[in-house]
Amino acid sequence: MLYQNTIRVLYIDMKTQKIRIEDREDLKKYMGGVGVASKLLEENIHPELPPLDPAQPVVFAIGALSTIYPVLTKTVAMFISPLTGELGESYAGGRMAMCMFLAGIDAIVIHGKADRPTYLAISSNDIQFKDARTLWNNNKDSVGRLIRDDNKRAHGGKRSIIRIGTAGENQVSFACVTVDRYRHFGRLGLGAVLGSKYLKAISIVGDRSVPIQNFKRYFKAYQDLYKKCVTTELMAKYHDIGTPVNIEPLNAAGGLPTLNLRQNRFEHANKVSGEAFSYLHLVRKVACTGCPVGCIHIGQFKREFASHGHEYETISVAYDYELIYALGTFLGIKKPREILELIEEVEILGMDAMSTGVVLGWATEALENGIITQDDTIVPLKFGSYEEYLEAVKYLAAGKNKFYKSLGQGVKYASEAYGGQDYAMHIAGNEMAGYHTGYGSLVGSAVAARHSHLCNGGYAIDQGLTDNNVDPDEMAQALLNEEIERCMLNSLVMCLFARKVYDRETIISAFAAVGEDITDDELTATARRIYATKLRVKKALGFKLQSVRFPKRFFETPSMRGVLDENMAYEILKKYHEKISDLETAE
Amino acid sequence: MNVTIETGRWALRYVEKDIVCVNMPESSTVMDAVAAIGLPSDEAGITTIGGKAVPKDHCLSDGDFLKIYPVIIGG
Ligand code: SF4
Chain W
37 MLYQNTIRVL YIDMKTQKIR IEDREDLKKY MGGVGVASKL LEENIHPELP PLDPAQPVVF
97 AIGALSTIYP VLTKTVAMFI SPLTGELGES YAGGRMAMCM FLAGIDAIVI HGKADRPTYL
157 AISSNDIQFK DARTLWNNNK DSVGRLIRDD NKRAHGGKRS IIRIGTAGEN QVSFACVTVD
217 RYRHFGRLGL GAVLGSKYLK AISIVGDRSV PIQNFKRYFK AYQDLYKKCV TTELMAKYHD
277 IGTPVNIEPL NAAGGLPTLN LRQNRFEHAN KVSGEAFSYL HLVRKVACTG CPVGCIHIGQ
337 FKREFASHGH EYETISVAYD YELIYALGTF LGIKKPREIL ELIEEVEILG MDAMSTGVVL
397 GWATEALENG IITQDDTIVP LKFGSYEEYL EAVKYLAAGK NKFYKSLGQG VKYASEAYGG
457 QDYAMHIAGN EMAGYHTGYG SLVGSAVAAR HSHLCNGGYA IDQGLTDNNV DPDEMAQALL
517 NEEIERCMLN SLVMCLFARK VYDRETIISA FAAVGEDITD DELTATARRI YATKLRVKKA
577 LGFKLQSVRF PKRFFETPSM RGVLDENMAY EILKKYHEKI SDLETAE
Chain R
1341 MNVTIETGRW ALRYVEKDIV CVNMPESSTV MDAVAAIGLP SDEAGITTIG GKAVPKDHCL
1401 SDGDFLKIYP VIIGG
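If you read the sequences in order, they're chains W and R. Going by the numbering used here, the first sequence opens with residue 37, and the numbers climb by one from there. Going by the numbering used here, the second sequence opens with residue 1341, and the numbers climb by one from there.
Because the hints were derived from the structure by calculation, they are not lab data. Hints may be right or wrong, so weigh each one.
As the list claims (entries may be wrong) - Footprint (simulated), chain R over chain W, 3 or more residues, beta carbon under 8 Å:
1) 147-158
2) 488-498
3) 548-561
To be verified - Straight-line distance between alpha carbons at most 27 Å, and here's what the computed DSSO-like set of lysine-lysine pairs gives:
4) W:Lys436 - W:Lys149
5) R:Lys1392 - W:Lys273
6) W:Lys370 - R:Lys1396
7) R:Lys1407 - W:Lys194
8) R:Lys1357 - W:Lys321
9) R:Lys1392 - W:Lys307
10) W:Lys273 - R:Lys1407
11) W:Lys252 - R:Lys1357
12) W:Lys536 - W:Lys64
13) W:Lys321 - W:Lys371
14) R:Lys1396 - W:Lys273
15) W:Lys536 - W:Lys149
What the hints assert, rightly or not - Stretches of chain R that chain W covers, calculated by requiring three or more beta carbons in the stretch to come under 8 Å of a beta carbon on chain W:
16) 1356-1370
17) 1398-1408
Since the structure is predicted, the reported quantities are computational estimates derived from the model, not experimental observations. Built from N, CA and C at the ideal position, the CB exists for glycine as well.
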């Protein structure tokens, strides 16, 4: 907590409705964010129980300097992932971090299962367990509205509402949690974990103020950072076209996963490029609270909502590269409007878009190959045919039949049940991200603590290579260095788009301006300590890096760095494993 | 020699036009072309000539159509 030597943790038991607050000095060495959350996860997990057992915890944490500096906007959630069965870690922007900060809470640990659907209303001096039976089965927009109506007190915008959709209620393994209007804890199934606790939503009101000490020094540090964000080119591209700018270079380079990764290029890439989305649908850009950049691109489309009478509504949807990849190129959808409609439906139902696109890509190919039939899929899934996908996502969220229930447990699970594992595009159980760029992205996601491309940015390592020759030891070391450094960055819970803004020197100055002297060596030690904690959690949950097996297709469809060699991928994995063997004990 | 260089609208923050014809000295490289149009070197991602990827130290020829893509961005 700012200006304190402690981390304030709020413990909530959904079953007994008991709460407890602890101010913990011992957690300060984890700085905040993912550091504190990893330690709290380690303390509270029950490795012998399944991920959705009521006893398993969910942890939310904000960073050591959240809200008081630009772009430190995110909250981290940690849990046991129902998708992978091991370390679950997910980040969301929006207003949540600010509201936790202004409510005076650094971290929240939630246990137990409520007796009936419940939503939590949290403020600095009050925690209420509210009846959410009328919210259950409602989508994210209605839930937000109903909670706002239920709490009419003015909050001056300092309220954040997070909620699950029907996919979370039905415990789809990749159900997400929507934060405010446009942000999500997307990956690894936090929505299912909240659903398993009968926890439909959490509203957090930041009703406290924290006076800044030594304002002059702080303001100088703030302004330096602000200027770096808005007057240099470091963040401009995120605001301009945003991440959809990636479609064209990835396509040109042969790294754009298309048609369930049968192809590394999409012949209609120019129609779904960032330019195309901007030209056809972009209406505004919005920002997480505390971010002067504003990278959230909002696209709009018009939809008829009555079968007769010419009644139309205008739908606003946030889009970015990963969504265009997963619900566009991966499924062969070539019209931005259709992609936006799919994004909207997936979001309303409360599922992770990347996992949804990847499981549907596999199902489409499995249907073509006769492994499954239309009795399973109900609709004739076909690459490029969005109306069927629009239906299928509803069946997926509802767990409509045995097949969709399996698919709702992820592509690894479904392909083990039905076959087609060679083209079930997951890495260690997590559906692939939109980068078939080389060993960095492939092995990077396997070794990544949460099997996300965001753990070590392997695609960026691939992009930085000067040729296609890879030294396995160097690649493993590059991935490890980045993974560890990001543990430190995520203890501040910054938006990773801003990682070049927050170099080490800047971070040290930002701490110093609020009276905390921290050295470069301490940042390194903290990063290692956090990573070690994650490794211990993974070990306790039974994860073995040596057991990771890559689907064959990764080695058949050329990547941005040419056709990848399976032996080389496993060699890099082995090298990485050797490098982390002594890290678990780092204190 | 004359080289046609296309970026795309993403580059308009740095360059005046998204497609230009530039006269370059013989044996100029792709990187020289990037500099010639005023694009910061770290903003240039994959580069292609006639749709085929070429490295940044590739020597250009008269009449080449060079396309410069943005770098891949993300978290
Ligand atoms: S750059 Fe985008 S995602 Fe990051 S903090 Fe700003 S608005 Fe949020």
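If you check each hint against the structure, which ones fail?
-> 1, 3, 6, 7, 11, 15, 16 and 17
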